[in-house]
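J.: Model the full assembly from the supplied sequences, consistent with the hints where possible.
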Amino acid sequence: MSGILALGIQDFKRLLTNALFWVITVTLVLIITLINFAVPENISEESYGIFTYHTDYYADQTTAVNSEEELRQAVKEHGTIGLLGNDDGSITILNPGLSEKTVRATMTMLYSSSDTYVEVESINENNAAIPFNKRMTPVFICFEALVIGFILGGALLLSEKEEGTIRAMRIAPVGVDKYLISKTVLFSIIAVLYALLVAFFCVGFSFSVHRFILLSFFGAAVFSLIGFAFTTFFRDMSSWFFSMALLLSINMLPVVAYSEPSFSPFWLRVIPSYSLIFAYENILFGMGRSMLPTVFTVAGWGIGAYLISRFVVGRYLLSKGRR
Amino acid sequence: MITVNSVYHDYGGKGNYAVSDISFSVESGKIFGFLGPSGAGKSTVQNIMTGLIPLQRGEVLYDGRSIKALKTKFFNQIGVSFEQPNVYAKLTGYENLKYFAALFSVPTHNPMELLDRVGLRDSAHKKALEYSKGMRQRLTLARALINKPKYLFLDEPTSGLDPSTAASVRELIREQRDGGAAVFLTTHSMALADSLCDTVAFLDNGKIAAMDSPEVLKRHYGKRLVTVVYNEAGNERSESFDMNDRALAEFLLSVNPIKIHSQEATLEEIFLCVTGRELKS
Chain A
1 MSGILALGIQ DFKRLLTNAL FWVITVTLVL IITLINFAVP ENISEESYGI
51 FTYHTDYYAD QTTAVNSEEE LRQAVKEHGT IGLLGNDDGS ITILNPGLSE
101 KTVRATMTML YSSSDTYVEV ESINENNAAI PFNKRMTPVF ICFEALVIGF
151 ILGGALLLSE KEEGTIRAMR IAPVGVDKYL ISKTVLFSII AVLYALLVAF
201 FCVGFSFSVH RFILLSFFGA AVFSLIGFAF TTFFRDMSSW FFSMALLLSI
251 NMLPVVAYSE PSFSPFWLRV IPSYSLIFAY ENILFGMGRS MLPTVFTVAG
301 WGIGAYLISR FVVGRYLLSK GRR
Chain B
1 MITVNSVYHD YGGKGNYAVS DISFSVESGK IFGFLGPSGA GKSTVQNIMT
51 GLIPLQRGEV LYDGRSIKAL KTKFFNQIGV SFEQPNVYAK LTGYENLKYF
101 AALFSVPTHN PMELLDRVGL RDSAHKKALE YSKGMRQRLT LARALINKPK
151 YLFLDEPTSG LDPSTAASVR ELIREQRDGG AAVFLTTHSM ALADSLCDTV
201 AFLDNGKIAA MDSPEVLKRH YGKRLVTVVY NEAGNERSES FDMNDRALAE
251 FLLSVNPIKI HSQEATLEEI FLCVTGRELK S
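Those protein sequence lines, which keep their order, are chains A and B.
Per the UniProt record's numbering, residue 1 is the first one in the first sequence, and the count goes up by one each step.
Per the UniProt record's numbering, residue 1 is the first one in the second sequence, and the count goes up by one each step.
FYI, nobody ran anything at the bench for these hints, they're computed from the structure.
The structure presented is a predicted model; accordingly, all values stated were derived computationally and were not measured.
Every residue gets a Cβ at the ideal spot worked out from N, C-alpha and C, and that includes glycine.
Mixed in with the good hints there might be a few duds.
[Stated by the list, open to error] Here are the simulated lysine to aspartate or glutamate pairs, EDC-like style, with alpha carbons at most 20 Å apart:
id : chain 1 : residue 1 : chain 2 : residue 2
1  : B       : Lys223    : B       : Asp162
2  : B       : Lys73     : A       : Asp177
3  : B       : Lys207    : B       : Asp63
4  : B       : Lys98     : B       : Glu130
5  : B       : Lys127    : A       : Glu163
6  : B       : Lys127    : A       : Glu162
7  : B       : Lys98     : B       : Asp122
8  : B       : Lys133    : A       : Glu160
9  : B       : Lys133    : A       : Glu162
10 : B       : Lys98     : A       : Asp236
11 : A       : Lys161    : A       : Asp177
12 : B       : Lys71     : A       : Asp177
13 : B       : Lys126    : A       : Asp236
14 : B       : Lys98     : A       : Glu163
15 : A       : Lys13     : B       : Glu130
16 : B       : Lys126    : B       : Asp116
17 : B       : Lys133    : A       : Asp177
18 : B       : Lys223    : B       : Asp245
19 : B       : Lys148    : B       : Asp194
20 : B       : Lys259    : B       : Asp245
21 : B       : Lys148    : B       : Glu27
22 : B       : Lys126    : B       : Glu113
23 : B       : Lys90     : A       : Asp177
24 : B       : Lys133    : B       : Glu83
25 : B       : Lys127    : A       : Asp177
26 : B       : Lys259    : A       : Asp177
27 : A       : Lys134    : A       : Asp236
28 : B       : Lys90     : A       : Glu162
29 : A       : Lys161    : B       : Glu83
[Claimed, not checked] Per label pair, the in silico range of CB-to-CB distance:
id : chain 1 : residue 1 : chain 2 : residue 2 : range
30 : B       : Met112    : A       : Leu34     : 54 to 60 Å
31 : B       : Lys133    : A       : Pro265    : 36 to 42 Å
32 : A       : Ser249    : B       : Lys133    : 38 to 44 Å
33 : B       : Asp116    : A       : Asp177    : 32 to 38 Å
34 : A       : Ser243    : B       : Gln84     : 23 to 29 Å
35 : B       : Gln84     : A       : Pro40     : 41 to 47 Å
36 : B       : Met112    : A       : Asp177    : 47 to 53 Å
37 : B       : Gln84     : A       : Val270    : 41 to 47 Å
38 : A       : Phe12     : B       : His220    : 55 to 61 Å
39 : B       : Asp116    : A       : Ser239    : 39 to 45 Å
T.: In structure tokens form, the structure reads like this:
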């Protein structure tokens with residue numbers, strides 16, 4: 001235990017001298033500032049009119065145009081929906097690339113009960129609309145705070161390779177478990193602190209802090225462990241950096257599902273950040289998705305990442321040559 | 001005791017052995033010197049012995065136990081000083097030692113005392129990146145000693161050191177030997193091997209060309225000659241004789257001798273004699 005603590009403390013000291021650590025910290029402050037002061041609370045002022053041609057549909061926000069060509073142009077320019085009446089009486093909904101689900105839902109709403117008053121209701125537990133800027137908080141926590149172990153853990157590991165100190169570690173009585181746990185715990189603690197900072201400054205204090213801490217700790221542990229296994233195969237920062245950026249980009253793909261929830265294919269859902277981002281939405285805004293799948297997903301990823309990392313780091317980084 | 005039996009190593013796996021049929025033993029309380037030019041395979045053997053390179057063929061035994069069967073805990077007893085100083089550049093010398101001391105589950109030296117022994121007390125709180133190569137070399141040596149190792153591996157420990165520091169490092173190594181450690185010293189420095197080692201092995205092209213104590217090697221390969229420097233009409237002259245030649249005694253009585261030298265072979269000359277090549281770094 002004292003060995004793990006000693007490793008963690010010294011790694012933290014090394015971290016404080018690492019420029020990347022300070023870059024990430026400054027970025028975190030920038031993100032908090034952006035969310036609070038730069039991104040608007042809502043974007044409802046923007047027009048969302050529907051354009052029509054050759055239909056008798058009419059509502060407050062509809063604008064009839066004079067030709068199909070004009071209709072297509074309006075949909076493109078305004079990024080909104082166009083209703084095109086066909087000669088056989090059917091309707092074609094033109095849209096700027098919305099998901100199939102969204103288009104069908106719109107179509108149903110338009111034509112099922114046109115006399116019905118339509119009301120918008122937020123279905124989160126707080127029963128309040130989530131400001132647009134605050135809604136981005138889970139995204140920033142996932143892709144800034146939680147991946148700190150992936151980025152900085154990798155940077156520290158590579159510096160050990162470049163300085164040659166990893167050779168000294170190999171002939172020290174340090175098992176792979178002690179090595180991995182000390183670094184993972186360190187980065188998970190830092191990630192929790194960073195995530196809490198973002199949450200407190202952007203959303204406030206009305207959320208379950210202990211659930212938030214647990215999610216952040218284990219979520220960050222998953223990314224750290226994946227990072228250690230991944231970085232083991234690289235010799236220096238320059239070759240690692242671009243591959244790392246690519247992997248992080250893939251990890252960010254669930255942002256698409258977050259902004260367009262109807263798009264959630266299986267391959268997207270297995271990316272670890274998918275579950276995490278919606279779990280944060282649940283904790284911070286009381287959205288209705290169950291936490292149980294997230295618990296299983298994070299636990300599964302955690303166990304898997306630990307086993308893979310243990311194998312890779314043990315065999316290729318800390319191998320004591322006794323196999 | 002460390003025992004190495006018929007060790008071979010092939011980096012490429014194509015039958016080109018970097019080292020082959022290496023056998024020797026290092027007893028506790030003794031210093032074993034591994035001499036050879038760069039590329040001879042010295043570091044390969046040391047890396048196999050410390051477990052940094054997997055053992056492909058042969059045996060490495062620590063007190064009769066194979067290195068393959070040793071657990072992580074065993075590394076509490078090993079100290080390794082690498083030729084290329086490898087320390088945490090952004091930590092101070094003191095922090096470097098404290099960091100490694102915490103990894104061991106055996107009693108360790110006080111980091112500051114050890115820094116004092118290697119002449120780094122005044123720079124203890126400077127970052128290692130501000131150290132000169134020689135200072136980093138000494139820090140690496142101090143790190144190798146932090147756990148009071150039973151088996152000590154030193155790769156060119158005095159390389160790049162000034163004569164005074166090199167002397168204190170040699171004294172430190174002798175202390176480890178006197179304390180009962182088995183010391184494996186890899187070097188191409190004849191002077192270091194001659195002054196420290198109880199046994200030396202010459203490594204050439206991955207094979208041991210000769211192995212014995214320096215004294216025995218010198219006797220075996222050295223010329224048994226004595227050179228007498230004498231004064232003749234104000235000029236210095238010299239004459240060499242076989243040690244057993246009766247004429248030597250008669251000659252000494254007949255001249256005014258200034259100096260008498262025994263013509264012992266140096267380790268370098270012996271290496272040249274054994275391998276047919278010079279021992280260069």
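J.: Run through the hints listed earlier and report the numbers of any the structure violates, in increasing order.
T.: 1, 3, 10, 13, 17, 19, 23, 25, 26, 27, 30, 31, 35 and 36
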